[in-house]
Each structure stands twice: as C-alpha cells, then as structure tokens.
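Undergrad: These are the residues of each chain, in order.
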Amino acid sequence: MIELQNCTFSYSRKRDVLQGFSLGIGGGRTVILGPNGAGKSTLLALMANALEPSSGRVVLDGTCDPHASKHDRAQFRRAVAWLPQQIYPFPSLTVREQVAYMGWLKGLSRSESWARSSSALDTVDLRENSDRPARGLSGGQLRRVGLAGALVHRASVILLDEPTAGLDPSQRNRFRELLLRIPDGTAVLVSTHQTEDVHDSYERTVLIDEGVILFDGTIDQFVQGTPQDMDMRDRVFRGYSRLIASEE
Amino acid sequence: MRSFLRTHVAVWLLIPALVGVAAYYASFVDPQNYRGYWPAVASNSAIFLLFSCILASSSSAIEMSRLQRSGILDLPSTRTRLLVTLDRLWPSLVLAFLVQLLAFAMLSLGTWGVPGFTPIILWSSFVSVIAMHVALGAVLGRYLPMAAAVPLSLVASYSWLGFTWSVPFFPLRYLSGLEVVTCCRLDMQLDPLGPFVTVVFSLSLACILLALSVLRWRGRNAGGITTRVAFLALTTVAATSLCLFIARDLGAAPVMPRSQNEASCTETNPSVCLFPEQHGKRDPSQLIIKASDNLTRAGIEVPSTVRFSINASTSSTLNMAARPYMKPEEVLHSFTSAFLSPQLASYCGDADEHQSRLLVASVIQGWLLDRASVDIIEDPVSDPPTRVGIEQVEQLSPDGQALWVSTNLPRLTDCSISVLELPPS
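Chains A and B, in that order, give the protein sequences.
Oh and the first sequence: position 190 is 190 in this note's numbering, straight run, nothing missing.
Converting from the second sequence to this note's numbering requires adding 248 to each position, the first position being numbered 1.
Since the hints were derived computationally from the structure, they do not count as laboratory data.
Small disclaimer: the values here were computed from a predicted structure and weren't measured.
Incorrect hints may have been included.
Here are some, though not all, of the chain B residues that point toward chain A, as calculated from beta-carbon distances under 8 Å [stated by the list, open to error]: (1) Thr-255; (2) Arg-314; (3) Arg-317; (4) Asp-322; (5) Arg-327.
Label-pair ranges, simulated between beta-carbon atoms [unchecked claim]: (6) A:Ser-170 / B:Leu-349: 51 to 59 Å; (7) B:Val-403 / A:Arg-132: 57 to 65 Å; (8) B:Phe-276 / A:Arg-132: 58 to 66 Å; (9) A:Pro-183 / B:Ile-368: 33 to 41 Å; (10) A:Asp-168 / B:Gly-319: 21 to 29 Å; (11) B:Gly-319 / A:Glu-112: 42 to 50 Å; (12) A:Tyr-11 / B:Ala-478: 38 to 46 Å; (13) A:Arg-135 / B:Thr-328: 24 to 32 Å.
Don't be surprised by glycine CBs; every beta carbon is placed ideally from N, CA and C.
For reference, chain B alone in the conformation it holds in the complex (with noise of 0.2 Å):
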C-alpha cells in the first residue's frame, strides 16, 4: 500500500521548516545559556516553536482547504467529519512536534551523560501549543481561500507566539507558550503552573477551533447554529479569563528556586552544597573552598554554608548563581558577587548619591575578586574605575581595607547613611 502520509503536505514543509531551524540553531542560539541543565535544555527549545508552529498551521490550512474544496466534507461518509478532517490533520501535528523534538535534540548536545530530566508538562505544553496552531490552521482552510488562508495562518502563528512574549502584561505570555523560553538556570526550577496555564488554554482553543473548523452550517443538524457559536465564543472568553486569572501571579517568566534538598553538600569549611549537575567535570567546590580561605586571609568572614540559589545570601549562608560548565573566573565571580545583594546598591531617591552608591559597590565587589583569586587567576578585575578604587581602598592596612569593606557591605542596601564614599587617595 502507497504511504498515505506522501500525500500530506506538511511532509513536504518539513524541510524548510528544519532549514531554519538549523539556521536559527547555528546564528542566534548561545549554548551557555542551557547546556548542562535539562529543564534549560527543554525550556530553552520552546523557541522553536516559531518553526513548529508556523509548520503546523500552514500545513493544516492547506490540507483543511484542500478537504473544503473538494467537497469531502459535505460527502454522506460514515466517519464524522471531525474524523476526516484530524486523519488529514495528524501529520501536521505529529511532525510540528518532531521539528520541535528535532531541536531539543541539537540544544542537548553537550548535555548528554548529565543526570536529571525535562519535566513532562512542558512537552504537554509543546504538544498543546501545536494543537492550537494545527486547528488554528484549519479553521482558516475552512473559511478562507488558500491563498488567503496559507500566508495568513503563517502571519498568526508566527504574531501569536511573538506578540504575547514581548507584551509586558505577563499573564498574557502564558498563553502562547513562549514564556518558558528563559527558564532555567541551574539555580532555579521550572514552576509548572505556567506550563499547566499553557496547556490548559492550548488545548481549550485547540478544540474551539477544531469544533468551528468541522462545524455544519446546513441541514436538520444546523438548527441551533446560533447556539453553538455562542457556546463557543463564551468558551473562548471563558478559557481565555481562567488562565490569565491563573497567571495573574506569574511575573515574567515560570521560573522558582531550585529546591536545596537536591544539593549534597561537602563536608568541609565552608560546605559547599552542589547540584547533581554540578558534580564532575568541572566541579567548582575545591576552587570555592580556596577562594573562600583567600577571602577569610584577608580579613572577610565568609558564611559557613556555599549554596547554589537565586534567594539572597544570608549571614550563615553565601547564595551564588550558578550555571553547569562554569569557568573558574565565572565561579569567583559568581562567588564574589554573592557578598552583594542582587542590585548591587540601593536607589536612595537621588541619583548621584545613587552613582555613589554604585562605584562603592564595584569597588567591593572587585575587591572581594582581587582577593579570592589570589593563586588561582591572574588580574580578575579589567574596569578602570574599579581598578581605580580598588587602588584608593589598598592605601589603607590589609586589617583596613577588610574592615572598610565589612563596614561598608550592608551600608550599600541602608539608605538611612546618605553618602558612601571611597577612602581618601
């Protein structure tokens, strides 16, 4: 028997369709940003859903009209109509999907043999965004000429998925399904309701529009047409209403910290607690211990514990950010900026007291980085005003400078001390 899957157009378009891909893989994807981390790997591939979707609703809105033209649906068949149009439908769902398997595959190289998982609500989130794109297609094949219906299902998937990532109102991102696109770092992990909010307004569009692209215009099954487009518009706004209400929460992306009781932590001073990623090849625990008793020789207490965490650092516990594969100038880094709140300084109501604030703050931190990386990297610090600084501070005793830089950490967040300012050249 002849493949009948020949004869579905989004075979055919699924070559362009992975042409871009790889051009989009190899021009804009930067592999430090998920590599080493498999949430980030799965979350970071939901960009692709520009390809897939563009994918699965122009083949839908080629097939949908191929079976509107000629006359197939109006035909007495004894399978329904929603039958016969998702057997023309599938394989536009079914290779949307693998485009988007196809990239997730080039975004995990590098990450093989790293132990952990994708969570299995963002592929339902995939896979529901498809939906979507695939009826959304279909009801344009339905209603429109294809030469209408082919370029504009391309311009609405391809606005949809755009236009909601990049308005500020963020409960409207969960929608399209984008918004996953910046989680994770090692750090942090994926918070599944925005997934669930995608999945679960995906899969109501998906079948609103399926039912209005099979939907019976004439016949004795027609009487109540009114009651049924109402039926399905009050479902849209509906659906629509209960996840941004689910979302309101949301902020920018789904992203919450990682929870430590993954992290095994060594027994040493401090204890650095590592991720499973973070073991290994590249472990950084050793070079944290020595930039930490570099730190404690030059006066600075550094707290007992080393974690891995966007929550800010406490007295007993350093919380750094942290990414898989991090280079030793990336680690002291991190390490050292740890010792800072997250903004660095803060905004006191007047901008130049602010600058201020901000230079200081530079200066510690390099400071902090000059001393940690003692016998491990040579000059960290490359910003000549920083540079500058760092050079007021070392006029002062080596018992000076770290009690300069004690006194003046926690005045960087206290805006009850007006003017923070460098020691005297």
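For reference, chain A alone in the conformation it holds in the complex (with noise of 0.2 Å):
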C-alpha cells in the first residue's frame, strides 16, 4: 500500500538517519519497534510526505509519488494521515472544530468534514467532549482528537508516531481498543520505543535501530526469535525481556 524505496534522509549533513531504507506496509496493523534515536519517527515522517527524502521515493499503491504531479501529492496526501508525537490543538477550536478542521487541511469541504467530525468522534469516544476546547484535553484525549482527525477524511494509511508516549496504563490500554476499531483494510503503522506496546492484534512487528531493519515479521516470531536474535534484541531492549516475561 505505502513504501518506501531505498530513502536516504538526513537532518544535517553529518550522518544519514536512514540510508537505503526500503519498506513497505500493506493493510492491517503493524508495529515498529525500536529505542529512541532509531530513525522511526523520521520513518513516518517520510512515509507522511511531511518530510522529503533527499534520495529514494515514496510512493502509494505502487503509483502514485507525492513528488511526482501536485495531483499525485494531493492524493497521497488525502490517502494518508499522520499523527506526530506532539499534537497541539488549534486554541480556539473546539473538540469537533478541531476534527473537522484536520478534515478541510486533508482537502475534504467545510460541510461535509463537519458533518464527518460527529461520527468520528463517536468512534474515538469522544462524543460528549465535542463543544469542549480542545487545548483542554489531556494528551491521551487529545491523541484521540487527532485519530478521530485520520479517521474523518477516510485515510487508508494512518500513520501514529508514538501514540501512547506519556500515557498511564489505563489509557494506553484504551488507546489499544481503538486501534481494533479502524476500518479494516487501512493499513495502521505505529511507532513505539515501549515494548509494553506490541502486542497481538499487530498483524506484523519491525525492529528497527539506527535505521537498519533488525526483524520483520509476526508478533510470534518476534517472541519465540533463535537465542541470537533475542541477544540482539537485548542490547536494543533493556525492556525486552520483561517482555517476553509478560507474554510467558
């Protein structure tokens, strides 16, 4: 659905964060793992069309390149959505302003996002919150104001960059039913440095450190790994083993 082809970025000119990256993501739900620093954010980012490559491309359905016509890139656009790490409401906009909002930037009319925004926010349980101001919801609230953003213009992508950072169990947990309330058939890419996160209703788990893939492939498999691959996975995670511990 989304790859990535042989992308190299950089932020500065000392040191590539991914260098010949490739990846694809089809439908379903799949989980990048890796510690701080490994390069997923920027991943997203580039996936997102808000970052550009400085080699490589991006492409949708195997056609349609962001850089390729201002019609593909609005239609890549359209198809994906992003939320980044730190979501900062527009101040004056309500909850349901708010989403409806993210519908019109996604090229959807005023009417019609608005219209969207209701039924989103059902999905998000954020319903009763829709007149509030959305600066005065808590981060987990305001994470699902910006699902509820991706799922108002229909994304077949959304992309969710550290979603549950920062958030108690309880809401993390919550934030996890959600994710089993998207459409099937959109491809969902979370981002996650906390291997509390990965669990089963991942369809595919990639490990990533310093912008190299170490493992791609199914929750399972990243479990019952070979002893080499879990020595690796330590030195990733220090956390892993309390993983492996909670699955047992």
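Make the complex out of the two chains shown on their own, each in a separate frame, by following the hints.
TA: Shown next as structure tokens:
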C-alpha cells in the first residue's frame, strides 16, 4: 500500500538518519519498534510526506508518488494520515471543530468535514467532549482527537508516531482498543519504543535501530526468536526481557 | 455547522477597534473639513486606518502565531501553506475593512443626498493598506512568539502610519496611505496618482510579506532558500524605489484643481459657477451676487465670472475657496479674500517692510469685506488693528477709498514698490 524505496534522509550533513532504507506497509496493523533515536519518527514523517527524502522515493499503491505531480501529491496526502508525537490543537477550536478542521486540511469541504466529524468522534469515544475547547484536553484525549482527524477523511494509511508515549496504563489500553475500531482495510502503522505496546493485535512487527531493520515478522516470530536474535534484541531493548516474561 | 468566524480573534478585536473609532470621532473629528463632498468624506476617513490597520496586524499576528504553534503549517495537507494561512487571515482583512467602512459611514452623516461619489482608487488603497498590515502581522506571528509578535505588530502598524505621515520627505507619505487625509476641499479633487502609489506599494509589500510568512525553510523545496529570500529583498527595494519615484512630484497631499467642467454657471452679472454639491441648501450664488453689487457700488471692479477654484484669480475670473454648506460670513470672507493673492503679500527681503505689506493687505481685505457685507451681515471685521486701518482709509472720499484699494491691490505682490502705506490719519 505504502512503500519507502531506497530512501536516504538526514537532518544535517553529518549523519544520515536513514540510508537506502526500504519498507513496504500493506493493510492491517503494523508496529515499528525501536529505541529512541532509531529513526522511527523520521520514517513515519517520510511516509506521511511531511519530510522529503534526499534520495529514493515514497509511493502509495505502487504508482502514486507525491513528488511526481501536484495531483499525485494531493492524492497521496489525502490517503495518508499522520499523527506526530506532539499534538498542539489550534487554540480557539472546540474538539469537533478541530477534527473538522483536520478534514478540511485533507481536502474535504467544510460542510462534509463537519458532518463526518461527529461519527469520527463517536469512534474515539469523544462525542461528549465535542463542544469543549480542544486545548483543555489531556494528552490521551488529544491523541484520540488526532485519530478522529485521521478517520474523518477516511485515510487508507494511518501513521501513529508514539501514540501511547506519556500515557498511563489505562489510557494506553484504551488507545489499544481504539486501534481495533479502525476500519478493516486501513493500513495502520504505529511506532513505539515501548515493548509493552507490542501486542497480538498487530499482524506485523518491525524492529529498527539506527536506520536498519533488525527484525520483520509476526509478533509470534518476534517473541520466539533464536537465542542470537534475542541477544541482539536485548541489546536494543533493555525492556525486551519484560516483554518475554509478560507473554509467558 | 458552527461558525468558524467565531474562532477568529479579529472578531473579538473588532469591539475595541470600534470603541476606538467612536472615541476618536467624538473627540477629534471636525465635520467642517469634509461634510457635503463625497471625496472629502472618503479621504478624511483615511485617519481611521490607524484603527483598522492595528486590528488587522494584531489579529493576524495572533492567528499566525497560533498556526505556527499548532504545527499545522508543517502537516502534510492537501491545501497549500498559502491557502491554509489565508484561511486564517481573511477575517482580519475583512473585519478591518469593515471598521474602515463604519468610520466612513459615521463621517458621511450630513452628506447623504449630496450628489457625487467616492473615488474607487481610494477604496482600493484602503484595502491594499489593510492587506499589507495583515501580512505584516502574519510575518511577526510566524517568526516571533505571540507575546512579542502582538505588541510589536501594534507598534509597527502605528509607527508606519504615523511616522511616514509626519516626515517632511513627501514621497514617503504616499507609501503609507494616510496622505489622502488632507484631501479635499470642494474646489479640489483627488490626484489619483497618490492612492495609486499606495496601492502599488502596499500590494507589493503584502505579497512579499505573505510569501515570507509561508516560506518553507526545510525540506526538498527549501533548496534555493537564499535565492528566494534575496528575490524578496530585491522586490521590496524595487517596489519602494519605484513608488518613491512615481510620487516624487506629488507634494504634501494628492490634490489638484477640480475640473470646472463640473460646475454650472448662472446667467447673472457676475456669473457665479457652482459645483453640483453647492446647489440647494445654502446655495451661495445670491449672496455672491449681492456682495458683488455692493463692491461695484463702492467703486471696485468685480470680474465677470466668479468660480470656486484653488487657482489664482485673474482679471476676468475671481476664484474663491469653497466648502459645501458655507455660512454667509464664510462666503463673504472667501469672496473678498479672492481679490488678494493666496499669500496676501509678497516677501520682498525686509521683515519690517513685509509686516507693513501684511497690514495693508489685511486692511484692504477688511475694507472689501466691510463693503461687500452691507445689508448682509453686521460688523464683519473684528480685528482691532485692521479696524483702525480701515478707519484711516475711510477718511478718504468714497472714490478715493476705491482708488486706494484698487491701486494697492496689485502692489501687494509687486516688490518693485518698496513700501506700502496706509493713508495718513
């Protein structure tokens, strides 16, 4: 569905965050696991077309390249929703207005976006907060607003960058439940540095560090890896052992 | 659907802006300067740009600051950064223009029913100036924290309007848009070149500042950022230079004599030519004819045509200064002043001699006013030194008085005659 082809990206000339990086994401839920600084956020921003690779390309459905034409870029951006780690709502908007505004930014008309915002807020359990100022929400609620913003324009790819960072366990569980409500056929890519976030609702797990894919498979394969794999993962994640323990 | 307009800060800032307009109107506005002449009403409303532009710049600074802080400009949107920005800024432009319109509406009280119209170029210049201040606020909001951007936008808008207006280098005034505030009396019309310069400069700067406020400094498209910034800087210099060049000969205010083709003349002696605004209420023609008869009886030759014009009078045409709704004493004062040159007397190099000329000029004008006012108003001259001078002239015979006045009138501006003196008492 969405594919990074041989992408290189750096924030400065000193070091490439990603070099010749390729990854394809199809339908279903995928989690990208990696320690801080592994390149997860950069990867998602590249996939969202928020950043542009210095070489290589990002394509949607095999042909839609956002750099090919304005039309392709609009099509690409309409199909892909991205929730960065930090969400700052527009100060004067209510929750529903914020969601509708996100739909407008993605190409919907104001009236259509407004009409759809209600059901999107239903999906993320924020209907009762529709008329509250968005800036008064907690971190967890803001992420749900962001998710509603992705649902309102019916994105076919949803990229969630560390959506559970800073949330308490109950909020994290709630967000996990919300992910299951995302319509089938939507590609969902979640990045996290917390092994606790990796659970069996993800069909695919990708482990990256320093811009290199260390593992790409199912959660079962990830948990039941070879001793060499486990040593490597242990080096990458100190918390990995805890994940094994919890799975057992 | 809830109104998105409610979420724009310009809506809330509209209230203090309107209070400011009303307070200024009540405290400082003199209707005598503009009432009864549409171009004057519109041009005098330019002073209220101080309120509309401050509303425009401060509200756009807040909106842009919010956009920047919420990271919306960096989100991969299908809308362009320019469109997303304009979506937040258009209420600032529209509501600031509304303030300008309301100020115009307040000033227009007392002019309804008078024929005429306001020049379109003047409204274009108001919109352009407001657009420039919106863009100015947007740049400040984009690059500064809100706590700094908002006060700075207030200071920048006020300083730009007030500073350029007060400097003696006249072309600079035409960049800000306030120069039209001294236009126009009934006998003047707006020189469209003035507001045209304002439109060109303001729109150029609005585009440049807006481009700067949506500039993307990172990413693949950011390549050639130096070229873009250099281009914007060069365009600013070019637009400023061009506008200063166009405005170089415009003087302190963009006014020019009003076309006399607009006036219609009476078939009387003298023929009095009135502009459309002077017909009906307080038509001064009968008063002028009566005053003219009085002067003729006193032995003064009145030109055959009386017009309202800023041009100097000639032997065949007396050019009076004019305002709509002139009171009889104002008409008489303007009528008799038209016999003298606008500066009353020439300065011929000696201060004492000049004082003497000015006194004679004052006495001549007072005598003309005295004679023209017979059976119209009582005691038109109240200035004691002038009254004393008139009494000296009145010691001459009636023919002698007229001869003294007629002889000395051209001498007031003739430096070849060294000293002008009153008749001995």
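Undergrad: Which constraints among the numbered hints does this structure fail? Numbers only, ascending.
TA: Checked against the structure, the hints that fail are numbers 7, 8, 9, 11, 12, while the rest are satisfied.
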